[in-house]
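A.B. asks: Throw the hints in and build the complete structure from the sequences for me.
Take a look at the letters that make up each chain.
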Amino acid sequence: DTEVTQTPKHLVMGMTNKKSLKCEQHMGHRAMYWYKQKAKKPPELMFVYSYEKLSINESVPSRFSPECPNSSLLNLHLHALQPEDSALYLCASSLSPRETEAFFGQGTRLTVV
Amino acid sequence: AQKITQTQPGMFVQEKEAVTLDCTYDTSDPSYGLFWYKQPSSGEMIFLIYQGSYDQQNATEGRYSLNFQKARKSANLVISASQLGDSAMYFCAMREMNTGFQKLVFGTGTRLLVSP
Numbered sequence: 001d002t003e004v005t006q007t008p009k010h011l012v013m014g015m016t017n018k019k020s021l022k023c024e025q026h027m028g029h030r031a032m033y034w035y036k037q038k039a040k041k042p043p044e045l046m047f048v049y050s051y052e053k054l055s056i057n058e059s060v061p062s063r064f065s066p067e068c069p070n071s072s073l074l075n076l077h078l079h080a081l082q083p084e085d086s087a088l089y090l091c092a093s094s095l096s097p098r099e100t101e102a103f104f105g106q107g108t109r110l111t112v113v
Numbered sequence: 001a002q003k004i005t006q007t008q009p010g011m012f013v014q015e016k017e018a019v020t021l022d023c024t025y026d027t028s029d030p031s032y033g034l035f036w037y038k039q040p041s042s043g044e045m046i047f048l049i050y051q052g053s054y055d056q057q058n059a060t061e062g063r064y065s066l067n068f069q070k071a072r073k074s075a076n077l078v079i080s081a082s083q084l085g086d087s088a089m090y091f092c093a094m095r096e097m098n099t100g101f102q103k104l105v106f107g108t109g110t111r112l113l114v115s116p
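First to last, the protein sequences are chains A and B. With my numbering, letter number 11 in the first sequence gets 11, and the count goes up by one each step, no holes. With my numbering, letter number 62 in the second sequence gets 62, and the count goes up by one each step, no holes.
In short, the hints are calculated from the structure, not lab data. Certain hints may be false.
Lysine-lysine pairs mimicking DSSO-like chemistry, simulated, CA-CA at most 30 Å apart [as the list claims (entries may be wrong)]:
id, chain 1, residue 1, chain 2, residue 2
1, A, LYS18, A, LYS53
2, A, LYS38, B, LYS73
3, B, LYS16, B, LYS73
4, A, LYS40, B, LYS70
5, A, LYS53, A, LYS19
6, B, LYS3, A, LYS40
7, B, LYS3, A, LYS53
8, A, LYS53, A, LYS22
9, A, LYS38, B, LYS3
10, A, LYS41, B, LYS73
11, A, LYS40, B, LYS16
12, A, LYS40, A, LYS18
13, B, LYS16, A, LYS41
14, B, LYS70, A, LYS41
15, A, LYS40, B, LYS73
16, B, LYS3, A, LYS41
Chain B stretches covered by chain A per the calculated footprint, using a threshold of three residues with CB under 8 Å from any CB of chain A [what the hints assert, rightly or not]:
id, segment
17, 34-43
18, 46-57
19, 106-113
The beta-carbon is built from N, C-alpha and C at its ideal position, and this holds for glycine as well.
C.D. replies: What follows is the structure, given as structure tokens:
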């Protein structure tokens, strides 16, 4: 099973809403990542979790709050987002946080209205 | 800082023909990794192939091969016998190590269209 599952696939939220994105993998991977991809642009790293600890935060605004409750699950909590936060949010995982390929989920297409 | 360059915004190929997607990179690290991902319109990033900087042989995975020319700092993807399902966005990426943790830095991508 080389699957990373993201839910929901699509999300429309208002600027005052609170929502969460969910990412799950059962490959025994110990590193998980959030990437943000704006339209017609490449993905850009937001956060890295290694062994359930936040290891890298790429200066992401606090309205994005990641959480890793266990080694299989990664959440991204959203609050008070702006329309410019509309993007495809991709979750990925890798066996280790150091030198292995990352497997990506299908992404959540987020629209902020 | 590392950098990935994909100079072809779009490429066209006829079904069953081979196509090469270009990727050049710039890094001062002696140890690095290069990846190719396929992104269909559904959004998922599909891992295709990986080349490590110390690998002696060019990587191959089925119809995909990576033409790795270390001195020229290029890592071109070759797709043989193109299929209609190969139509997608293709990203070249480099693994960058940040305080001991990896991150992928992506090029701007090449959109491949395979025609019947």
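A.B. asks: Next step is simple, just say for each hint if it's right about the structure.
C.D. replies: Hint check results:
Between LYS18 of chain A and LYS53 of chain A the alpha-carbon distance is near 23 Å, which keeps this suggested pair within the 30 Å criterion. Simply put, LYS38 of chain A and LYS73 of chain B have alpha-carbon atoms about 28 Å apart, close enough for the 30 Å limit, and the pair holds. Under the criterion of a C-alpha separation no larger than 30 Å, the hint pairing LYS16 of chain B with LYS73 of chain B is consistent with the structure, at around 29 Å. With a CA separation close to 29 Å, the supplied pair LYS40 of chain A and LYS70 of chain B stays within the 30 Å bound.
A hinted pair counts as satisfied when its Cα atoms are at most 30 Å apart, and LYS53 of chain A with LYS19 of chain A qualifies at roughly 22 Å. Between the alpha carbons of LYS3 of chain B and LYS40 of chain A the distance comes to roughly 18 Å, so the proposed pair stays at or under 30 Å and holds. Proposed proximity of LYS3 of chain B and LYS53 of chain A is supported: the alpha carbons are some 28 Å apart, at most 30 Å. For the hint pairing LYS53 of chain A with LYS22 of chain A, the CA-to-CA distance comes to about 17 Å; that is within 30 Å, so the pair holds.
Among the hinted pairs, LYS38 of chain A with LYS3 of chain B is consistent with the structure: their alpha-carbon atoms are about 19 Å apart, no more than 30 Å. With a CA separation close to 23 Å, the supplied pair LYS41 of chain A and LYS73 of chain B stays within the 30 Å bound. Taking the CA atoms of LYS40 of chain A and LYS16 of chain B, the gap is near 28 Å; set against the 30 Å cutoff, the hint holds. This hinted pair checks out: LYS40 of chain A and LYS18 of chain A have alpha carbons roughly 27 Å apart, not beyond 30 Å.
Taking the CA atoms of LYS16 of chain B and LYS41 of chain A, the gap is near 29 Å; set against the 30 Å cutoff, the hint holds. Between the alpha carbons of LYS70 of chain B and LYS41 of chain A the distance comes to roughly 27 Å, so the proposed pair stays at or under 30 Å and holds. Our distance criterion of 30 Å between C-alpha atoms is met by LYS40 of chain A and LYS73 of chain B, whose separation comes to about 25 Å. Of the pairs offered as hints, the one joining LYS3 of chain B and LYS41 of chain A holds, with about 15 Å between alpha carbons and a cut-off of 30 Å not exceeded.
As drawn, the segment 34-43 of chain B meets chain A at 4 residues by the rule of a beta-carbon pair under 8 Å; at three or more, the given contact holds. With 3 residues carrying a beta carbon less than 8 Å from a beta carbon of chain A, the segment 46-57 of chain B meets the three-residue requirement, and the given coverage holds. Under a criterion of three residues with beta carbons nearer than 8 Å to beta carbons of chain A, the stated coverage of the segment 106-113 of chain B is upheld, 4 such residues being counted.
Every hint from the earlier list agrees with this structure, and none is contradicted.
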